[in-house]
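*Asks:* Using the hints, position chains B and C against chain A.
Here the protein sequences come in this chain order: A, B and C.
Count along the first sequence starting at 1, add 78, and that's the number in this note's numbering.
Count along the second sequence starting at 1, add 1, and that's the number in this note's numbering.
The letter at position 186 of the third sequence is residue 185 when you use this note's numbering, and the numbering goes up by one with no holes.
These aren't lab readings, by the way, just hints derived from the structure by calculation.
All clues stand as given, with none of them false.
Below, in silico cross-link-like pairs of lysine to aspartate or glutamate (EDC-like), each with a Cα-Cα straight-line distance of 20 Å or less:
| hint | chain 1 | residue 1 | chain 2 | residue 2 |
| --- | --- | --- | --- | --- |
| 1 | A | K277 | A | D293 |
| 2 | B | K41 | C | E123 |
| 3 | C | K239 | A | D228 |
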Amino acid sequence: MTETILSVRDLTVTFDTRRGPLTAIDRVSFDIHRGEILGVVGESGAGKSVTGSAVIGLIDRPGRISGGEISLRGERIDTLSPEAMRRVRGRRIGMIFQDPLTSLDPLFRVGDQIVETLRAHTELSAKAARTRAIDLLAEVGIPAPERRIDGYPHEFSGGMRQRVVIALALAAEPELIIADEPTTALDVSVQAQIITLLKRLCREHGTAVMLVTHDMGVIAEAADRVAVMYAGRVAEIGPVAAVIAKPHHPYAVGLMGAIPTLSQEADRLSQIPGSMPRLTAIPKGCAFNPRCPKVFSRCRVERPEPILVGASRVACHLYDVTEKAA
Amino acid sequence: MSGYDLDAGDAPPVPLPEVAPSRIARWRDSDLLASFLGSKTAMAALLATVLMVGLAVAAPLVSPQNPYDPAQLDLINSNLPPIWQADGQAPFYLGTDDQGRDVLSAVLYGLRLSLIVGVLGVITSGVLGIALGLVAGYAGGALDTLIMRIADVQLTFPAILIALVVDGVARASFGGALDVGPLIGLIVISIGLSFWVQYARTVRSSVMVEKGKDYVQAARLIGLTPPVILVRHVLPNVTGPVFVIATINLALAIITEATLSFLGTGLPETMPSLGTLIRTGNRFLFSGEWWIVAFPGLALAGLVIAINLLGDWLRDALNPKLQ
Amino acid sequence: MLAFLLRRVMQAAAVLAVVGLIAFSMFRFAGDPVNQIVGPDTPASERAEIRRSLGLDDPVLVQFARYAGDVVRGRLGISYQFRQPVSQLLAERMPATLELAFCATVFALVVGVLMGVYCALRRESWLAGLFQAVSLIGISLPTFLIGILLIYLFSVTLGWLPSYGRGDTVRLGWWTTGFLTWSGLKALILPSITLGLFQMTLIMRLVRAEMLEVLRTDYIRFARARGLSTRAVNLRHALKNTLVPVITIAGLQLGSVIAFSIITETVFQWPGMGLLFVQAVQNVDIPIMSAYLLLVALIFVTINLVVDILYTVVDPRLRLSSARTA
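Here chain A stands alone, though its shape is the one from the complex (with noise of 0.2 Å):
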């Protein structure tokens, strides 16, 4: 088995209101290793890139860590101080943003915020910043780097910038990349060539992603393995192949059904009835109980602990095979 990079262990993030605490991240655990990609799954407000927030210590106030371990290589990066987990920002973990047109700072040449991250990082001298810049623009497919770095960045169009922001993100060469919704905001057509580049950097690099997204077409392209989330839960976890072929969590089965393919009638679609529920209407037990058709009276009580099924990790009371035997 390769080196595991990320280990996030009962992950919880709640945020504390006037109204009281709402956990927006409930007891989340999952690993990536070195050069996989993990695609992380849901509908808008599952709490996807605010686990992706909380791994690179970015939840603002008046959200918390309230519980679990987030570690990098083994080390505990949760606890670090401020200072120290500014270092391991872009030195060991990289982000990308869903809109590249507004990810970079309009006032500044990209060359210079590609070099004033390089030197946060690193002893570089101003001038080999500068080279390193260039090399990093070319990487990504900027043509003409050596020209492009010296403009700003409305001069760049939407996929440009998207590759300016993932070469400022691997500036620092970072053992992780927290890519949060990075084509969502792109054309279609695009879209597969930030994937493309996304996938064959960390191949060379040997960087580990976490790849938030609720596009199961862009999983289905990139992730080695998915998380799929819902309501600040991960309901199933397992390699990308295993979950979209044969998913076990009622709501990943409905999730799946929504894609549309070649083989199925556009106008047959399935489709989960409900919407998922607030962070103040979280029911007790599953919190899919009230949308899932499989639903039965355990499921409305206890909350499902995660079963390894076949490849993947379910939580379901469903495929609790020693409680149905008792």
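*Replies:* Below, chains B and C without anything else, positioned relative to chain A:
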């Protein structure tokens, strides 16, 4: 997906953009009374405002003296300090000025005048601004351009300058000596002409939005005339913002009147507003009679700060996005 | 860029023309100019003669053209009170006002930006709360009241600073300056604070609100995710982006410092143009009033123009888009 980094202390931070209430919903859900009771500052400000307005209204009843009546003044009582100082004398609780005028009475009557001029000024600017806004928004075209250009040009100049110019031109046109009545009218008009722009812009943009809606077309079909449609359908939509502007402008109008009077181009010394009192009292600062200027100054400051706090709270409670 | 500039210059000229029309109307219609020249018992025939010689019987348009011509050549009429050319009076008073406005502006900008940044970055601290309270008072209290309060504290009670006038001034050609003598500098302190306080609170609130907004943007989150130091994020990226919109509004506000100096100059008996204007209003001296109005309009329009140009220099996005339209 950064819906969770909401301002601390704002609405509950729900990390799902989809369920964050729309602005309209927030407006509807915002319970004005609850918000009011939740804000100690707003309650204190309201209490102070009500107290001062009450005193101003009741000035003739509670004042020991009528400061406008020269017959009641006695030079024997001049320059008395406040009651808690060695030479203080009842009933001159806050002392007297060089004419023997009771400072407390002068402040109460001055408060009354300042409030009257302020409220009339706000009404004038509001009516003018709303009317011009309705016309500009509904008529469109050249008339709209003309009105809004004037607004733009005027907005580049501070209101006090405009008020001073209007005031000066009117004095030039009518000759020097004006009675107090017309003088108040003149100041009210100066203030009205200085502060109409904000109303006009707000109302105009609202008219532009409403104009295109189906119900206005429908109202036109059933034979309602444009003015009726405007007044009945557009005005109710802008009451919130207009009310906020009016509250904040009340403080500004009071300051403008006080400034005009302080500069000697407002109300005369025979019928002093707070600004006039400060102007005259300022002369005694160096000779040690600080109370002649201090109490009118305190009254003005208290009034303006209380109204401003109310306005701030109202703006936040009605619409957090309103500028 | 050129087209943009040309358009702004034309707008400025239009504003000046409108103000010129108002100034002319005041000059011509507010009170009969003949009455200002002759006594009340001058016979009607002589009045008619004067009217003709002044050109008051010509068509209004001709009179306006003549007035505009005079103004451009600096002939602004004769003051009723002083029996002196208005242009000469204004020139004598201008240095006092400009020096005061300059000091007030510097005070407002430096202190306002510092306090605003502090309040945005340390939102919860007691000092930020104090600044907020001070700003409320500064924005609520009439300027003249603040001036009186300062005089009472620092002149009457403590006796540290003078309460009126410019102190000793030095002549440099036609300019008189208070910057070169100790008493001149001391005399500037209280009026500058009085005049600048309102702008300072405005700038402080603006900087605070704008910076809080900027701190929430994606590019600031991304800058933090890149592991830049807090200092670099706050003072390089956030501050620069904050100041871009602040420049415009602050610049426009600072133009009004000249006009607001009317009040401050009255409180401190500062021998500038504002005091001249107030005396003109009190004494119905129309030539001074209209000339002052024109001059202030000219200053305003110039400042607006300069601010617009500055804005394009600071913000690369505008530089490009205006270059495109050119």
